[in-house]
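**Q** The chain contents come next:
Number of protein chains: 2
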Amino acid sequence: MTHARLTPLVASLPASVPFVGPETQERDRGRPFRARLGANENGFGPAPSAIAAMQAAAADVWKYGDAQNHDLRAALAAHHRVSPDNIMVGEGIDGLLGYLARMTVAPGDAVVTSAGAYPTLNYHVRGFGGALHMVPFHDDREDPEALIGRAAQVGAKLVYLSNPDNPMGTWHEAATVQAIIDAVPEGTLVVLDEAYIEFAPDGTAPRIDPTDERVIRFRTFSKAYGLAGARVGYAIAAAPLIKAFDKIRNHFGMSRISQAGALAALADAAWLTHVQAQVAQARTRIGEIAAGNGLRVLPSATNFVTIDCGRDGAFARAVLDGLVRHDVFVRMPGVAPLDRCIRVSAGPEAELDVFAQELPKALATAG
Amino acid sequence: MTHARLTPLVASLPASVPFVGPETQERDRGRPFRARLGANENGFGPAPSAIAAMQAAAADVWKYGDAQNHDLRAALAAHHRVSPDNIMVGEGIDGLLGYLARMTVAPGDAVVTSAGAYPTLNYHVRGFGGALHMVPFHDDREDPEALIGRAAQVGAKLVYLSNPDNPMGTWHEAATVQAIIDAVPEGTLVVLDEAYIEFAPDGTAPRIDPTDERVIRFRTFSKAYGLAGARVGYAIAAAPLIKAFDKIRNHFGMSRISQAGALAALADAAWLTHVQAQVAQARTRIGEIAAGNGLRVLPSATNFVTIDCGRDGAFARAVLDGLVRHDVFVRMPGVAPLDRCIRVSAGPEAELDVFAQELPKALATAG
Chain E
50 MTHARLTPLV
60 ASLPASVPFV
70 GPETQERDRG
80 RPFRARLGAN
90 ENGFGPAPSA
100 IAAMQAAAAD
110 VWKYGDAQNH
120 DLRAALAAHH
130 RVSPDNIMVG
140 EGIDGLLGYL
150 ARMTVAPGDA
160 VVTSAGAYPT
170 LNYHVRGFGG
180 ALHMVPFHDD
190 REDPEALIGR
200 AAQVGAKLVY
210 LSNPDNPMGT
220 WHEAATVQAI
230 IDAVPEGTLV
240 VLDEAYIEFA
250 PDGTAPRIDP
260 TDERVIRFRT
270 FSKAYGLAGA
280 RVGYAIAAAP
290 LIKAFDKIRN
300 HFGMSRISQA
310 GALAALADAA
320 WLTHVQAQVA
330 QARTRIGEIA
340 AGNGLRVLPS
350 ATNFVTIDCG
360 RDGAFARAVL
370 DGLVRHDVFV
380 RMPGVAPLDR
390 CIRVSAGPEA
400 ELDVFAQELP
410 KALATAG
Chain Y
50 MTHARLTPLV
60 ASLPASVPFV
70 GPETQERDRG
80 RPFRARLGAN
90 ENGFGPAPSA
100 IAAMQAAAAD
110 VWKYGDAQNH
120 DLRAALAAHH
130 RVSPDNIMVG
140 EGIDGLLGYL
150 ARMTVAPGDA
160 VVTSAGAYPT
170 LNYHVRGFGG
180 ALHMVPFHDD
190 REDPEALIGR
200 AAQVGAKLVY
210 LSNPDNPMGT
220 WHEAATVQAI
230 IDAVPEGTLV
240 VLDEAYIEFA
250 PDGTAPRIDP
260 TDERVIRFRT
270 FSKAYGLAGA
280 RVGYAIAAAP
290 LIKAFDKIRN
300 HFGMSRISQA
310 GALAALADAA
320 WLTHVQAQVA
330 QARTRIGEIA
340 AGNGLRVLPS
350 ATNFVTIDCG
360 RDGAFARAVL
370 DGLVRHDVFV
380 RMPGVAPLDR
390 CIRVSAGPEA
400 ELDVFAQELP
410 KALATAG
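Sequences listed follow chains E and Y, in order.
Position 269, counted from 1, in the first sequence is what this note's numbering calls 318; the numbers after and before it change by one each time, with no gaps.
Position 253, counted from 1, in the second sequence is what this note's numbering calls 302; the numbers after and before it change by one each time, with no gaps.
Excised from the complex, chain E in its bound form (with noise of 0.2 Å):
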């Protein structure tokens, strides 16, 4: 009866999730994980400044926040050196993409991206009937001409790159960037998402162009600034195409906390430098680790690090089995031959010292 009231679409999706949370996975399990490493969260947390403008807002709250996102946008204009007219403000990356999904992808129409790159951009294509289409990683990272290629083949309304990307913490050079927006085809829209910049060399992010009509890149308050929690992401984009949010947004979807957080953490750069130096320390800890186990690990231009575990699918998984039944929440590529390797995020001290102890019996488990 109730298969009746949903649409067709609708009722052909499954009821899938892009990722298990590591909650569902310690209820699931009957015991905490002691070391939360699979998500990418920021474990050196948000600015000490961000958390107390959190904790002030609270009172606050019994207000609706501000619909427009005002303060925030205009800071993050100021930021990026745009108009606020070119920023949208929404509950993360994810609501940002299925807002940009609804927007662009009626049923059939084409989107190009990378098999293994990002689940949930996935996850809504094809909740708005969209066609996937995806092209190998090459050499472990994104292949800009397989996907300009693709995209010209097939017509598509979006392209996807996530630079870094995720989930090898490859990146391309901006030159490389901007020759893909460049060559897009007319029609295409280059989905461009850099939740991870903040972590990356400079030189990765190509110049910002209000005008360019003809990509939307997206960041988020997830990772460097260590909000994940609060659900706070970000478009840049031309302003047609950011006013065209406002035909179908939740107006006043934004927690009026995560609003105050976002404002004070993008304005603490002391705070930034300090996560960025520490992911970098736990990116070189991550990487020895893995060699003291005779394994590889990828240049990350992220906060995780991605080991090779030498052999196959099946082997990587095995050790992240290992990993997660000892406490160590980690995850891993889905897509051969990136499932080779299992990806750590670049977490405290504390979390990697129980990685570094756990590791070596999952590979002896697994071997």
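Since the hints were made in silico from the structure, they are not lab data.
Treat the hints with care, since some could be wrong.
Because identical chains share one entry, a pair is satisfied inside a single copy or across any pair of copies.
[Stated by the list, open to error] EDC-like, lysine to aspartate or glutamate: derived pairs with alpha carbons at most 20 Å apart:
1) K112 to E222
2) K410 to D370
3) K292 to D77
4) K112 to E247
5) K292 to D134
6) K292 to E407
7) K292 to D258
8) K292 to D317
9) K112 to E398
10) K410 to D361
11) K410 to E337
12) K292 to E262
13) K112 to E72
14) K112 to D231
15) K112 to E407
16) K112 to D376
17) K292 to E72
18) K410 to D357
19) K112 to E75
20) K112 to D77
21) K410 to D376
For this one, chain E is given, so just place chain Y on it according to the hints.
**A** Leaving out everything else, chain Y in the frame of chain E:
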């Protein structure tokens, strides 16, 4: 160029906002309101225990919230004596209404509501290409027989009823609402919005039958629990319909801080009782202020009072404009004959003092 990338449906939509928020008005006016009585926010605030829980959760906000909202759903299930499988938590009722429209409304599908009822429902229905059919209020209340009659006539996918209703604050007894559910045509889902139910007399909400697939009801932490800015609403329905939300929702969309706040608020029954008493007093006070100006108020089962300004919509609009000009944020119904009224939130004494001071001037100017 951008519009070429939008779907035909989205391109056809206006960039509309169901409500203009008070912050937007304050920016346009160039000065703040002295009394914030327009959005039916709860000026008595959330429970101190909920504020404390949110402040404590702020330090943990580097973690994503639990995608299953497990703890909150479990607590709500216990509260309502249903299973967690009957509860879906989302980003306010607004967010959940958007999900429901997406799940059930294909282009051209009919939805029935009352003219002048919640604009955000209409926004979401139109946003998915639905065809809205409106029946008038009858004696300042939503009209059950007309709603059901029209639903049968047009083969509606959804029929929306708010009880108590917004914007008039009136209500039907549980038996009347149950009769609507019992009379709903095959294939139509009753969308029962009970956002204000905690302010209504006992006997307003029909018994929750978690097996009944003919109705989905919506509740919120934004009103009686004082957490509007935290964005926590929930749906109660039969398990198959609840499960269908997992096909399309933003799984990690809930703020971790909001989850903690809602959980604490639900547990604090004493604060809810306190708020209910404060709101009842404030309603009485608004009635006295109105009477002192020769105006009649409608009976209210909500945290606002609808004042009949006694003439036509243009007059009520002039009264409202006068109040806004003198820094009192209030709103009014959007269609005749409801628009002979203004709607005033049951706020704290100091804000009602400002309202009491400004209403006579606004009436004099309007007259």
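**Q** Now, for every hint given, state plainly whether the structure supports it.
**A** Tested hints:
Neither within a single protomer nor between protomers do K112 and E222 lie at most 20 Å apart by alpha-carbon distance, with minima of 44 Å and 30 Å respectively. In this assembly of identical chains, K410 and D370 lie within 20 Å of each other by CA distance solely inside one copy; the values are 11 Å within and 72 Å between copies. For the identical chains of this complex, K292 and D77 are inter-copy neighbours only, at 19 Å across copies versus 43 Å inside a copy, given an alpha-carbon limit of 20 Å. Within a single copy, K112 and E247 get their C-alpha atoms only as close as 32 Å, which misses the 20 Å cut-off; across copies the closest is 18 Å, which meets it.
Only within a single protomer do K292 and D134 lie at most 20 Å apart by alpha-carbon distance; the minimum there is 7 Å, versus 37 Å between protomers. Neither within a single protomer nor between protomers do K292 and E407 lie at most 20 Å apart by alpha-carbon distance, with minima of 50 Å and 37 Å respectively. In the homo-oligomer, the alpha carbons of K292 and D258 lie at most 20 Å apart inside one protomer (17 Å), although the nearest pairing across protomers, at 42 Å, exceeds that limit. In this homomeric assembly, K292 and D317 never come within 20 Å of each other (Cα to Cα): the closest approach is 29 Å inside a single copy and 41 Å across copies.
For the homomeric pair K112 and E398, the shortest alpha-carbon distance between copies (17 Å) is at most 20 Å, but the shortest distance inside one copy (39 Å) is not. Taking the shortest Cα distances, K410 and D361 sit within 20 Å of each other inside one copy (18 Å), while across copies they are farther apart (79 Å). Taking CA atoms no more than 20 Å apart as the test, K410 paired with E337 passes inside one copy only; the shortest distance there is 16 Å, against 75 Å between copies. Taking the shortest alpha-carbon separations for K292 and E262, only the intra-copy value of 12 Å comes in at or below 20 Å, while the best inter-copy value is 38 Å.
Taking CA atoms no more than 20 Å apart as the test, K112 paired with E72 passes between copies only; the shortest distance there is 10 Å, against 30 Å inside one copy. Proximity of K112 and D231 under a CA criterion of 20 Å is satisfied in neither setting, with 44 Å inside one chain copy and 37 Å between copies. Taking the closest pair of Cα atoms, K112 and E407 never come within 20 Å of each other, the shortest separation being 47 Å inside a single copy and 22 Å across copies. For the identical chains of this complex, K112 and D376 are inter-copy neighbours only, at 17 Å across copies versus 40 Å inside a copy, given an alpha-carbon limit of 20 Å.
Proximity of K292 and E72 under a CA criterion of 20 Å is satisfied inter-copy only: 19 Å between copies versus 36 Å inside one chain copy. In the homo-oligomer, the alpha carbons of K410 and D357 lie at most 20 Å apart inside one protomer (17 Å), although the nearest pairing across protomers, at 75 Å, exceeds that limit. Taking CA atoms no more than 20 Å apart as the test, K112 paired with E75 passes between copies only; the shortest distance there is 14 Å, against 34 Å inside one copy. Taking the shortest alpha-carbon separations for K112 and D77, only the inter-copy value of 19 Å comes in at or below 20 Å, while the best intra-copy value is 37 Å.
Taking the shortest alpha-carbon separations for K410 and D376, only the intra-copy value of 12 Å comes in at or below 20 Å, while the best inter-copy value is 67 Å.
Violated hints for the displayed structure, listed by number in ascending order: 1, 6, 8, 14, 15.
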